Each structure stands twice: as C-alpha cells, then as structure tokens.
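Starting from the structure of chain A, add chain B where the hints point.
The residues making up each chain are set out below.
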Amino acid sequence: MTLTQAEKAAVVTIWAKVATQADAIGAESLERLFSSYPQTKTYFPHFDLSQGSAQLRGHGSKVMNAIGEAVKHIDDIRGALAKLSELHAYILRVDPVNFKLLSHCILCSVAARYPSDFTPEVHAAWDKFLSSVSSVLTEKYR
Amino acid sequence: MVLSANDKTNVKGVFSKISSHAEEYGAETLERMFTTYPQTKTYFPHFDLHHGSAQVKAHGKKVAAALIEAANHIDDIAGALSKLSDLHAQKLRVDPVNFKLLGQCFLVVMAIHHPSALTPEVHASLDKFLCAVGNVLTSKYR
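Here the protein sequences come in this chain order: A and B. Using the working numbering, the first residue of the first sequence is number 1, and each one after it goes up by one. Using the working numbering, the first residue of the second sequence is number 1001, and each one after it goes up by one.
No lab work stands behind these hints: they were computed from the structure. One or more of the hints may lead you astray.
Said to hold, decoys possible - One side of the interface only, derived from the structure: several residues of chain B facing chain A at Cβ under 8 Å:
| # | residue |
| --- | --- |
| 1 | His1123 |
| 2 | Ala1124 |
| 3 | Arg1142 |
What the hints assert, rightly or not - Per label pair, the in silico range of CB-to-CB distance:
| # | chain 1 | residue 1 | chain 2 | residue 2 | range |
| --- | --- | --- | --- | --- | --- |
| 4 | B | Met1001 | A | Glu69 | 20 to 28 Å |
| 5 | B | Lys1012 | A | Asn65 | 40 to 48 Å |
| 6 | B | Met1001 | A | Phe44 | 20 to 28 Å |
| 7 | B | Pro1096 | A | Lys140 | 18 to 26 Å |
| 8 | B | Phe1047 | A | Thr119 | 35 to 43 Å |
| 9 | A | Ala16 | B | Asn1072 | 40 to 48 Å |
| 10 | B | Ser1019 | A | Ala24 | 19 to 27 Å |
| 11 | B | Ser1016 | A | Thr4 | 52 to 60 Å |
| 12 | A | Tyr141 | B | Leu1092 | 40 to 48 Å |
| 13 | B | Lys1017 | A | Lys72 | 42 to 50 Å |
To be verified - Here are the simulated DSS-like cross-link-like pairs (lysine-lysine), alpha carbons at most 30 Å apart as the crow flies:
| # | chain 1 | residue 1 | chain 2 | residue 2 |
| --- | --- | --- | --- | --- |
| 14 | A | Lys62 | A | Lys83 |
| 15 | A | Lys41 | B | Lys1008 |
| 16 | A | Lys128 | A | Lys8 |
| 17 | B | Lys1041 | A | Lys83 |
| 18 | A | Lys140 | A | Lys100 |
| 19 | B | Lys1017 | A | Lys128 |
| 20 | A | Lys8 | A | Lys72 |
| 21 | B | Lys1062 | A | Lys83 |
| 22 | B | Lys1100 | B | Lys1062 |
| 23 | A | Lys128 | B | Lys1008 |
| 24 | B | Lys1128 | A | Lys100 |
| 25 | A | Lys8 | B | Lys1128 |
| 26 | A | Lys41 | B | Lys1128 |
| 27 | B | Lys1140 | A | Lys140 |
| 28 | A | Lys128 | B | Lys1057 |
| 29 | A | Lys83 | B | Lys1100 |
| 30 | B | Lys1012 | A | Lys8 |
| 31 | B | Lys1128 | A | Lys140 |
| 32 | B | Lys1008 | B | Lys1100 |
| 33 | A | Lys140 | B | Lys1083 |
| 34 | B | Lys1017 | B | Lys1057 |
| 35 | B | Lys1008 | B | Lys1057 |
| 36 | A | Lys8 | A | Lys100 |
| 37 | A | Lys62 | A | Lys72 |
| 38 | B | Lys1091 | A | Lys8 |
| 39 | A | Lys100 | B | Lys1083 |
| 40 | B | Lys1041 | B | Lys1083 |
It should be emphasised that the depicted structure is a prediction, and the values quoted were computed from it without experimental measurement. Glycine is no exception: its CB is placed at the ideal position from the N, C-alpha and C atoms.
Only chain A is shown next, with the shape it has when bound in the complex:
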C-alpha cells in the first residue's frame, strides 16, 4: 500500500496542526487505548496509567515524536523508523493487532480536535499513513 501525493499532502498538512498539541494528543490517545482496550495495559505493568500521569504524558510524547519523524520522512518511513522497528521486533514485541487499536485511538483524538479538517479523504489518508507506520514497526518481527 503506497500513499499518493494527495494523501501525503493531507498527512503533512494535518500534522502541522497536530504538532502544536502533540503531547496532549499522544497522552489522550493512550488513555483512549487503555480505556477502550484494557488488554493493551499488559505492555505497561510498570506504568501509572491514571489520567494525567506523568508516565502517560511522557510516553504519549514519544509516540507522537515517532509519528512526527515518519511524517517528516514520509517518502522513507522505513528508513526513518528503522531503529524503532528493531526495538519492537527484538525487545518490545507488541502484538501487531495493537497497532491497529492505537492508530484508531490516534485518529479519534485528532478528529475530536480538528473536526472540520477531518474530512473523509483526510481520514483515509491518515489511516493509510498510520497503517504504513504500523507495518514498518512490525516488519522485522520475523
């Protein structure tokens, strides 16, 4: 699955807005993930997962930074996230199904904050983009 020029443009444009609230969106996405899909908490036994927790905010930032990197290098997501890909393959081993769940939560958070920007086309572009990111992060698992 490849992103068209229009889709890349849509991702980059929305990212410019999202970046201004990246940390908050990151934390909110994780919160949504842990509430809607409690099984995802299994990967964070060492975290305080209560709302507003510093660890949640910190981790949300990390996630959004990675997405920002992918946006910046949207023509070579694989290259940009190579180290993260290895981290997930050899150490974290997050079950691939969870990337879909997190992506979904990120989409919800972004849609909630930018409703008029989140047209069906933009929604589709972002979903494809996050799917690409997820693929890259799971491609070295085996």
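Just chain B now, kept in the frame of chain A:
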C-alpha cells in the same frame, strides 16, 4: 515483512514437493475454509459448495496456480500477481481478513499431507509467504 533467502528456499522446496497435487490441495483448502469459516461463503453465492463440487475444484485449481506463480517469482510477487491484485481491488474486494483464513487452511492442508516437510522453520517461511501474497492481493484496495 521481507522473505529471507532461507524463507524463499523453504517455500520453493515445499511447492516443488506438492506440484503434482497442487490443484487437489487448492480445492481442499477452500473446502476447509468454507467449513471452518462459514462467513467466507459470502463471496461464492453462485457456487455449489458441497463436497466434491466441480466449481470448488476448478476454483481450487486457480488458487493453487496463483500460489505457484508467486512461488516461482518469489523475488517479485507484486509483479507476478499484479493483474490478480487489480482484480481483487476493483472487482472482488474480498475483505483482507479472509486472506489470513485461506492461508491458515492451506497450512493445515500442508500439515496433513506433508507432516514431515512442515518443520517449524518451513511452517514459518510458508506463513510469511502466504502473508506476502495476501498483502500483494490487497495492496491496491486503496
């Protein structure tokens, strides 16, 4: 996900072993899929799906041929299955989840008829190959 040199060797090895029974295995794969995952029958309202059906046999032959094509062009599965990919994207639109189910059933058929060939390593290689084929066939959906 990338197929390693070992994976390719393993896959080619399997397919050369089963080449004389490929059509039969294709039909059996479909039969198992329709039985175990009845929702997959939704794509074949026009078929007689009873055991031994000529239509299932013929379709099994098609599926097997495509897998053999992919194995024979394992360095460029996307190229080899390009037309089939278009067909699935524009006409068939089989939900991507079903490719996993078909792949599963094919592995079961392999395990039944060639248990000694399906070592854990070969199993993994074959599963990766079937995922790659599924990815190619759904890559043009959007």
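Taking the hints in turn, this is what the structure says about them:
Here the hint on His1123/B is broken, as its CB sits about 11 Å from the closest CB of chain A, past 8 Å. The closest approach between the C-beta of Ala1124/B and any C-beta of chain A is roughly 6 Å, which is under the 8 Å cut-off, so the hint is satisfied. Interface hint status for Arg1142/B: upheld, as the beta-carbon distance to the closest one in chain A is roughly 6 Å, under 8 Å. In this structure the supplied range 20 to 28 Å holds for Met1001/B paired with Glu69/A, their Cβ-Cβ distance being about 21 Å.
For the hinted restraint 40 to 48 Å between Lys1012/B and Asn65/A, the CB-CB distance of approximately 42 Å keeps it satisfied. One distance hint, 20 to 28 Å for the beta-carbon pair Met1001/B and Phe44/A, holds here, with the actual separation near 26 Å. Here the CB-CB span from Pro1096/B to Lys140/A is close to 21 Å, well matched to the stated 18 to 26 Å. For Phe1047/B and Thr119/A, the hinted distance range of 35 to 43 Å is satisfied, since their beta carbons lie about 40 Å from each other.
Remark: the range hint 40 to 48 Å for Ala16/A to Asn1072/B is upheld by a beta-carbon distance near 47 Å. Between Ser1019/B and Ala24/A the CB atoms are about 58 Å apart, so this pair departs from the stated range of 19 to 27 Å. Under the hint 52 to 60 Å, the C-beta atoms of Ser1016/B and Thr4/A, about 39 Å apart, miss the expected range. A hinted range of 40 to 48 Å is violated for the C-beta pair Tyr141/A and Leu1092/B, which are about 29 Å apart.
Restraint check, Lys1017/B to Lys72/A: a C-beta distance of roughly 47 Å satisfies the suggested window 42 to 50 Å. About 14 Å separates the Cα atoms of Lys62/A and Lys83/A, which keeps this hinted pair within 30 Å; it holds. With a C-alpha separation of about 37 Å, the suggested pair Lys41/A and Lys1008/B falls outside the 30 Å cut-off, and the hint is violated. At roughly 10 Å between alpha-carbon atoms, Lys128/A and Lys8/A fall within 30 Å of each other, so this suggested pair holds.
Simply put, Lys1041/B and Lys83/A have alpha-carbon atoms about 42 Å apart, too far for the 30 Å limit, and the pair is violated. Distance hint between Lys140/A and Lys100/A is fulfilled; the C-alpha atoms sit about 17 Å from each other, no more than 30 Å. Straight-line distance between C-alpha atoms of Lys1017/B and Lys128/A comes to about 38 Å, which puts the hinted pair past the 30 Å bound. Between Lys8/A and Lys72/A the CA atoms are separated by roughly 10 Å; this keeps the pair inside 30 Å, and the hint holds.
In summary, the hint linking Lys1062/B to Lys83/A is not supported, as the alpha carbons are separated by about 41 Å, beyond the 30 Å threshold. The hinted pair formed by Lys1100/B and Lys1062/B meets the criterion: a straight-line CA distance of about 18 Å does not exceed 30 Å. At roughly 28 Å between alpha-carbon atoms, Lys128/A and Lys1008/B fall within 30 Å of each other, so this suggested pair holds. Only pairs whose Cα atoms come within 30 Å are accepted, and Lys1128/B paired with Lys100/A is accepted, the gap being roughly 20 Å.
Using a Cα cut-off of 30 Å, the hinted pair Lys8/A and Lys1128/B holds, with the two alpha carbons roughly 29 Å apart. Pair hint Lys41/A plus Lys1128/B holds up; C-alpha atoms about 28 Å apart against a cutoff of 30 Å. Annotation: proposed proximity of Lys1140/B to Lys140/A holds, straight-line Cα distance about 23 Å (limit 30 Å). Restraint check for Lys128/A and Lys1057/B: the C-alpha separation of about 36 Å exceeds 30 Å, so the hint is violated.
For the given pair, Lys83/A sits about 28 Å from Lys1100/B by alpha-carbon distance, which is consistent with the 30 Å threshold. Our distance criterion of 30 Å between C-alpha atoms is broken by Lys1012/B and Lys8/A, whose separation comes to about 37 Å. Among the hinted pairs, Lys1128/B with Lys140/A is consistent with the structure: their alpha-carbon atoms are about 12 Å apart, no more than 30 Å. A distance of roughly 19 Å separates the Cα atoms of Lys1008/B and Lys1100/B; the hinted pair therefore holds under the 30 Å criterion.
Restraint check: the Cα-Cα separation between Lys140/A and Lys1083/B comes to about 28 Å, which is no more than 30 Å; the hinted pair holds. For the hint pairing Lys1017/B with Lys1057/B, the CA-to-CA distance comes to about 20 Å; that is within 30 Å, so the pair holds. Taking the CA atoms of Lys1008/B and Lys1057/B, the gap is about 28 Å. The hint holds against a cut of 30 Å. Under the criterion of a C-alpha separation no larger than 30 Å, the hint pairing Lys8/A with Lys100/A is consistent with the structure, at around 20 Å.
Distance check on the hinted pair: Lys62/A and Lys72/A sit about 15 Å apart at the alpha-carbon level, within 30 Å; holds. For the hint pairing Lys1091/B with Lys8/A, the CA-to-CA distance comes to about 26 Å; that is within 30 Å, so the pair holds. Taking the CA atoms of Lys100/A and Lys1083/B, the gap is about 28 Å. The hint holds against a cut of 30 Å. At most 30 Å may separate the alpha-carbon atoms for a hinted pair to count; Lys1041/B and Lys1083/B meet this at roughly 23 Å.
Hint check: violations occur at hints 1, 10, 11, 12, 15, 17, 19, 21, 28 and 30; the rest are consistent with the structure.
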